[in-house]
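Participant: Knowing the structure of chain A, use the given hints to seat chain B on it.
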Amino acid sequence: MTDNSVIARRKGWIAAWVDDNLIMMHAESSFYLNLTGSGGRIWELLESPRSVSALCETLGREFDIAPDAVRPEVLAFLDQLLLRKAIDVYSPTLA
Amino acid sequence: MTSLNNTLQYGPYLLCGWRVESAIPLPELTAWSGAQEWNGEGTIRIELRESSLDDTAAGFCANSEDDVTLRVKGVAGFRVNPGADHVTVQPEEGVDPLLLRGYLFGSVLAILCYRRGLFPLHGSCVLLDGEAVVFSGASGAGKSTLATALARRGHPLLCDDVCAIDLSNPRRPMLRPAFPRVKLLPDAIDCFQLGEATTYSQAAQGTKGHFGMAAIQPMEAIQQPVPLAAIYALDTPAGDKVGRSLLRGKNAFVFLESQAHRGWMGRNLGLHNQLFGHIAMLAAAVPVYRLDRRCALDRMDEVACLVEAAHSAVCMPAGRELCQ
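Protein sequences, first through last, are from chains A and B. For the first sequence, our numbering begins at 1 and goes up steadily by one. For the second sequence, our numbering begins at 1001 and goes up steadily by one.
Worth flagging that the hints you see were computed from the coordinates, not collected in a lab. It is possible that part of the hints are untrue.
[Stated by the list, open to error] In silico lysine-lysine, DSS-like type, Cα no more than 25 Å apart, as pairs:
no.: 1; chain 1: B; residue 1: Lys-1250; chain 2: A; residue 2: Lys-11
no.: 2; chain 1: B; residue 1: Lys-1250; chain 2: A; residue 2: Lys-85
no.: 3; chain 1: B; residue 1: Lys-1208; chain 2: B; residue 2: Lys-1073
no.: 4; chain 1: A; residue 1: Lys-85; chain 2: A; residue 2: Lys-11
Isolated chain A, as found in the complex:
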């Protein structure tokens, strides 16, 4: 996964906020995920597919942190979502 990778939600997941938790369920498998902290916000931002760098910029702006500072945690979180088949990662198309 690189800065230019495009992240998209995988189909079949539904999510709802309960207090400060974003609880997600995969409808077919009934597999649950619980996103805390900024994880829920990342899932919200992924309503439309976006690149890792765009994601880091938006989060950096919202949390008043430099995009470079949030990148390691964002990448680690996206890896977790990928592992649980909640997102797809697309490599940038070579022009």
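Facilitator: Then chain B, alone, in the frame of chain A:
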């Protein structure tokens, strides 16, 4: 069984706001008075059939015609149509009518709830200060016993086993009362001195299937939906502490998910999204408390007192959460 009378001669009854006509008597239910046309939802018809029809069916299945069948060995087969307005009961020879109604008011009622867009929470419920308070938890956790203790203190019982919750307004979940009877084991019936108001199952005293369905008080049944004020999570009582603590976020969700009545049936009906949405809405809108309490049956009043005080119209001063 050769001559089943399939005339819908019993009722109409009222169950969770629905009008019910039945070929079998349902003495636990209150009569439909005609004044409950508030929701306009269709009548449910409960019919009888010979038991041979579903000989091949076992357990639970949603078949190709989208009917749902549930077969309970030694009791009956039950079939619910897609519109959830027609229930067919196929009793086995010599079945205990109380046991059969137990499944009708349990698993079958849960199917009706799922198909009619309600959330069936496993629990017992009383009315406290004009609002519904549910005690939920695994079988044997003491839900019915605690509800009975509160009902004995004058708080009307709203339902037992299946609590039908209407989430059509997500910010104001409403409890739809079922009937004011409670299923109890003999020791609890004796403790509360409810023997005279109890119908017992036919299973021999001292055996696992022996239970009673008790009417708590000669109080008129609550018929209208009431706002849901709180849900109490009950696990096995332990220790000497009596108190409550709020479950938040994931913990509330996980508990409610575990107590969706026959949640696996809802998922098998393909209602994953409905079920998930209802649980999330409920967890977000209604406080879920873990209730710590003592084990002893004869000290149930102490726990009832705590819950009563917590839902009293007069606010308790800070630090007076515990019953003195």
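Participant: Out of the numbered hints, which ones does the structure contradict?
Facilitator: none
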